[in-house]
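Work the whole structure out from these sequences, hints included.
Protein sequence lines, in the order shown, are assigned to chains A, B, C and D.
All you need for my numbering is the position in the first sequence, starting with 1, plus 38.
All you need for my numbering is the position in the second sequence, starting with 1, plus 38.
All you need for my numbering is the position in the third sequence, starting with 1, plus 38.
All you need for my numbering is the position in the fourth sequence, starting with 1, plus 38.
Do not take every clue at face value.
In this list, chains with the same sequence are indistinguishable; a pair is considered to hold if it fits within one copy or across any two.
Stated by the list, open to error - Result set (DSS-like, lysine-lysine): computed pairs, CA atoms no more than 25 Å apart in a straight line:
no.	residue 1	residue 2
1	Lys249	Lys182
2	Lys90	Lys232
3	Lys60	Lys232
4	Lys89	Lys202
Hints were generated in silico from the structure; no laboratory data involved.
Given next are the chains, with one letter for each unit.
4 protein chains.
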Amino acid sequence: MQYLKNREVATEGDLVELASTKSNSYVFVINKGSVQQTHRGVVNHDDLIGKKWGSEITSHKGSQFFLFQPGIFSIHSTTKRNTQIMYPKDIGFVIMKMNIGPGCRIIEAGTGSGGLTQVLAFLVGEEGHIYSYEIRKEMQDLAKRNLSRIGLLDRVTFNNSDIKEGFLEEDVDAIFLDVPNPYDYLSQSSDSLKAGGFFGCLLPTTNQVIKILIALRRSNFAFTDVCETFLRYYQAEENKFRPTDRMVAHTGYLIFSRRVLLQIHESQKQND
Amino acid sequence: MQYLKNREVATEGDLVELASTKSNSYVFVINKGSVQQTHRGVVNHDDLIGKKWGSEITSHKGSQFFLFQPGIFSIHSTTKRNTQIMYPKDIGFVIMKMNIGPGCRIIEAGTGSGGLTQVLAFLVGEEGHIYSYEIRKEMQDLAKRNLSRIGLLDRVTFNNSDIKEGFLEEDVDAIFLDVPNPYDYLSQSSDSLKAGGFFGCLLPTTNQVIKILIALRRSNFAFTDVCETFLRYYQAEENKFRPTDRMVAHTGYLIFSRRVLLQIHESQKQND
Amino acid sequence: MQYLKNREVATEGDLVELASTKSNSYVFVINKGSVQQTHRGVVNHDDLIGKKWGSEITSHKGSQFFLFQPGIFSIHSTTKRNTQIMYPKDIGFVIMKMNIGPGCRIIEAGTGSGGLTQVLAFLVGEEGHIYSYEIRKEMQDLAKRNLSRIGLLDRVTFNNSDIKEGFLEEDVDAIFLDVPNPYDYLSQSSDSLKAGGFFGCLLPTTNQVIKILIALRRSNFAFTDVCETFLRYYQAEENKFRPTDRMVAHTGYLIFSRRVLLQIHESQKQND
Amino acid sequence: MQYLKNREVATEGDLVELASTKSNSYVFVINKGSVQQTHRGVVNHDDLIGKKWGSEITSHKGSQFFLFQPGIFSIHSTTKRNTQIMYPKDIGFVIMKMNIGPGCRIIEAGTGSGGLTQVLAFLVGEEGHIYSYEIRKEMQDLAKRNLSRIGLLDRVTFNNSDIKEGFLEEDVDAIFLDVPNPYDYLSQSSDSLKAGGFFGCLLPTTNQVIKILIALRRSNFAFTDVCETFLRYYQAEENKFRPTDRMVAHTGYLIFSRRVLLQIHESQKQND
Numbered sequence: 039m040q041y042l043k044n045r046e047v048a049t050e051g052d053l054v055e056l057a058s059t060k061s062n063s064y065v066f067v068i069n070k071g072s073v074q075q076t077h078r079g080v081v082n083h084d085d086l087i088g089k090k091w092g093s094e095i096t097s098h099k100g101s102q103f104f105l106f107q108p109g110i111f112s113i114h115s116t117t118k119r120n121t122q123i124m125y126p127k128d129i130g131f132v133i134m135k136m137n138i139g140p141g142c143r144i145i146e147a148g149t150g151s152g153g154l155t156q157v158l159a160f161l162v163g164e165e166g167h168i169y170s171y172e173i174r175k176e177m178q179d180l181a182k183r184n185l186s187r188i189g190l191l192d193r194v195t196f197n198n199s200d201i202k203e204g205f206l207e208e209d210v211d212a213i214f215l216d217v218p219n220p221y222d223y224l225s226q227s228s229d230s231l232k233a234g235g236f237f238g239c240l241l242p243t244t245n246q247v248i249k250i251l252i253a254l255r256r257s258n259f260a261f262t263d264v265c266e267t268f269l270r271y272y273q274a275e276e277n278k279f280r281p282t283d284r285m286v287a288h289t290g291y292l293i294f295s296r297r298v299l300l301q302i303h304e305s306q307k308q309n310d
Numbered sequence: 039m040q041y042l043k044n045r046e047v048a049t050e051g052d053l054v055e056l057a058s059t060k061s062n063s064y065v066f067v068i069n070k071g072s073v074q075q076t077h078r079g080v081v082n083h084d085d086l087i088g089k090k091w092g093s094e095i096t097s098h099k100g101s102q103f104f105l106f107q108p109g110i111f112s113i114h115s116t117t118k119r120n121t122q123i124m125y126p127k128d129i130g131f132v133i134m135k136m137n138i139g140p141g142c143r144i145i146e147a148g149t150g151s152g153g154l155t156q157v158l159a160f161l162v163g164e165e166g167h168i169y170s171y172e173i174r175k176e177m178q179d180l181a182k183r184n185l186s187r188i189g190l191l192d193r194v195t196f197n198n199s200d201i202k203e204g205f206l207e208e209d210v211d212a213i214f215l216d217v218p219n220p221y222d223y224l225s226q227s228s229d230s231l232k233a234g235g236f237f238g239c240l241l242p243t244t245n246q247v248i249k250i251l252i253a254l255r256r257s258n259f260a261f262t263d264v265c266e267t268f269l270r271y272y273q274a275e276e277n278k279f280r281p282t283d284r285m286v287a288h289t290g291y292l293i294f295s296r297r298v299l300l301q302i303h304e305s306q307k308q309n310d
Numbered sequence: 039m040q041y042l043k044n045r046e047v048a049t050e051g052d053l054v055e056l057a058s059t060k061s062n063s064y065v066f067v068i069n070k071g072s073v074q075q076t077h078r079g080v081v082n083h084d085d086l087i088g089k090k091w092g093s094e095i096t097s098h099k100g101s102q103f104f105l106f107q108p109g110i111f112s113i114h115s116t117t118k119r120n121t122q123i124m125y126p127k128d129i130g131f132v133i134m135k136m137n138i139g140p141g142c143r144i145i146e147a148g149t150g151s152g153g154l155t156q157v158l159a160f161l162v163g164e165e166g167h168i169y170s171y172e173i174r175k176e177m178q179d180l181a182k183r184n185l186s187r188i189g190l191l192d193r194v195t196f197n198n199s200d201i202k203e204g205f206l207e208e209d210v211d212a213i214f215l216d217v218p219n220p221y222d223y224l225s226q227s228s229d230s231l232k233a234g235g236f237f238g239c240l241l242p243t244t245n246q247v248i249k250i251l252i253a254l255r256r257s258n259f260a261f262t263d264v265c266e267t268f269l270r271y272y273q274a275e276e277n278k279f280r281p282t283d284r285m286v287a288h289t290g291y292l293i294f295s296r297r298v299l300l301q302i303h304e305s306q307k308q309n310d
Numbered sequence: 039m040q041y042l043k044n045r046e047v048a049t050e051g052d053l054v055e056l057a058s059t060k061s062n063s064y065v066f067v068i069n070k071g072s073v074q075q076t077h078r079g080v081v082n083h084d085d086l087i088g089k090k091w092g093s094e095i096t097s098h099k100g101s102q103f104f105l106f107q108p109g110i111f112s113i114h115s116t117t118k119r120n121t122q123i124m125y126p127k128d129i130g131f132v133i134m135k136m137n138i139g140p141g142c143r144i145i146e147a148g149t150g151s152g153g154l155t156q157v158l159a160f161l162v163g164e165e166g167h168i169y170s171y172e173i174r175k176e177m178q179d180l181a182k183r184n185l186s187r188i189g190l191l192d193r194v195t196f197n198n199s200d201i202k203e204g205f206l207e208e209d210v211d212a213i214f215l216d217v218p219n220p221y222d223y224l225s226q227s228s229d230s231l232k233a234g235g236f237f238g239c240l241l242p243t244t245n246q247v248i249k250i251l252i253a254l255r256r257s258n259f260a261f262t263d264v265c266e267t268f269l270r271y272y273q274a275e276e277n278k279f280r281p282t283d284r285m286v287a288h289t290g291y292l293i294f295s296r297r298v299l300l301q302i303h304e305s306q307k308q309n310d
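In structure tokens, the structure reads:
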């Protein structure tokens, strides 16, 4: 990723963030001769080349911006999307619970707009790999562009197929299913997940959670946890320090489980 | 880290987790001839050697356990500690906001028991590095043992000094201060953080947050965010799916900011 | 209720609260010659007689207390109980949503320990009335003692019967069911609730909520709302103002609905 | 209040609610010959007269409504306002904590649009009374109209004065201050509140809470509690039972305290 190269200044081809304290942020690649439209005036790409990271930039309307190498948070929040993408509050907890880090091999489905894919690809590093499944081709094409934008396309193998047919990989470290009916794919997940590996999914309704709890109990999974995360922002004002008025109340229930090797007979288990 | 080596079976020297659905988990290193005490009977280390990950293990009292390679979540929650350690819900969000990933160079203070240090060391991979400062030597010694346990000691440089004197490193990607008075070390942080880099801290009281908001405004920082994360666990029971009765209501306010290069005069800024 | 008589001083027979900033509160009736045991020493009832409300009282061990006329909150929280009682956070919202106030006639089931009964009896005043049903006689006997303690026994008609048999009253303003299976009693509720009246219940699990949603849709009810309330306490310290560490994460889901007069055929509706 | 008279049908002069499951509710007084505009067509008042409560009503566009006697919740939420009004979730908890009920005499300031005033006037019944102070005359005029609408104007004494000058009443049961600087009026509150009486206020920022904590400590108040309430609504759908997407994250911090009679010298106390 560009921003981990510790050069001091922005150059042609760099992924950059123009951040404003008063409006949106813009994340884009510097192309000589191009201009970036903002809600507060135009910025010429050429004016960014050679500027130090963290510098003030002024638009043609005189508005102040700062030039940054975008972090994964900004990249994620400016992801081009035609689907709902997972929230950082949930992704952060998934990382912790599912042990996502350098070297991991991870299956995800569906790819969607690639919001989660980007973060996973960032975290598994050069030694890790993501296998991302999506049945809708046009979605996956968007995700590819999003991964390409941040230079991590080669860390992801995209697969445009129905996961009902199973996953091509074996012994992956973790599988995350962001699909409406993950309870229909536990057998496929069990086949591709290493013993002891981490399974996770995100479901918006309690009816869906109840279904996956039943399905997990009947499968080779154990240590199932269900939780929700919440994020509450505050006004960062020293004289009026208070929570913001409104917040996201619900993104989904996070379900985590681990594949285990059971000695007892499956049929016995189902009679529990 | 041991558990990223995709061997199928546990061997002498492996860090393992004995997990029970009915009691605590135990994380330890397999030593031939040793025994592991649990609340539900004794397990011989020798009986674990050669067992597949995910296998059922039975204690001498007949209690069921499963043998896992521990994830960072289990490692973190079983950290030997003589201080409060950061919660996974907060660490997960810090990772996202501060762009923690493979190759990052990060300063943290104080080390404490090394709870956060372990997660950071895991995530930055072999190319990254953690510089951890702590004024209390006995704390840092514990942290070193915790890092040694998971085989990541070489990714951390421990520094037993007062951060009032500043940090030895320059141009790090991120600085996280888990100390009671981070507002006293912004100048030191600014000196060691690369321009555009990420600053973060965790503070339990609103009085402290108000102080850091004042201090950040007067320093070379901008884009300050303050937030809280919450985690709500559910009973994972298909017929009685409901939230658990009690939860952690407060761990601390998370404050994030970025170092910027300001053109305007410091003195002017303080007169805002 | 005694404490609404605006006498200035405590007298024999008054319900009083001995409140301590450092330990529990004690709510009891003053009886000449009696003593009140506390965790911080003994207080003679005789020493309270003639004391102004709000006065400092010292126990034989020198501990400080204050003498109050107890509010409904203290009465509720010191209720003798052998069941879980509803939390004030939930009762407060029930009052608002179900229009509980002076003159209301309300059915409640089950009585339980009378925690909610006390608050309802307080709020409906002398013109209102509570009809409280409970199948377990020993529970209701405890509730009677609790109502007697606060002098509101005559505002409540206790009924020791199975609500499967229906309620004796007609055209009540509101019905609140704190029973595990309220979905089994909607027909009985509809028979006793005035048209347009308020129905409410409290259920701990999502499975139960799903059941009542189905049952309400099939009955003469509409405008169903489901919600949860949360209460977060803070340390009331000016230099360390912060949330308390832990909180109650779940008491139950509150369900509210209104009885309507439908023109369409019941059989049609069930085919929706 | 009209809706406590248990007539079965709506008549001229009744306050009614036209409720729709698909759009807003409308609360108004029936006047012969008038029409009610809604987002889903017009309803003639004459068509409501003689209709049973809970009946279906059809607008000229064929949309379905139900005719109700409005509860205090609907009245509150349809209050004409030119100020922010307190939320039901907060009012419900204030009722519990401050022992608001039949017969209570309560001071409130400022009146604002009368949102809280209406609920208090409803709950104190015919024997109780509300003394409501507001410095801005035009606000109070609106509040008077709101109270008049629900027929409770005679339970409220409106006072258009600066509370810096103090309150005219003595020995009231409770005082609630919904003003930005309640810490400036503790002496006035103490003068008018009966010993042992309940003090409450609502403040949006932590800075204000810190100020009132200091002020309360220096005054004749004790047993100070600070808390926040939250309300989370759910989609009331049996097949998609889940929380709603967004919620109100912050209305304000609730502060409660009680007036006590202190034996120690005021001057000593301030040196704490």
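Within, between, both or neither, where Lys60 and Lys232 count as close if Cα-Cα is 25 Å or less:
between (48 Å within a copy, 24 Å between copies)
One pair to classify: Lys249 and Lys182, alpha carbons no more than 25 Å apart. Within, between, both, or neither?
neither (32 Å within a copy, 44 Å between copies)
Can you give me the call for Lys89 and Lys202, within, between, both or neither, at a CA distance of at most 25 Å?
neither (50 Å within a copy, 31 Å between copies)
Are the CA atoms of Lys90 and Lys232 at most 25 Å apart within a copy, between copies, both, or neither?
between (45 Å within a copy, 10 Å between copies)
This entry does not satisfy hints 1 and 4, going by the numbered hints stated previously.
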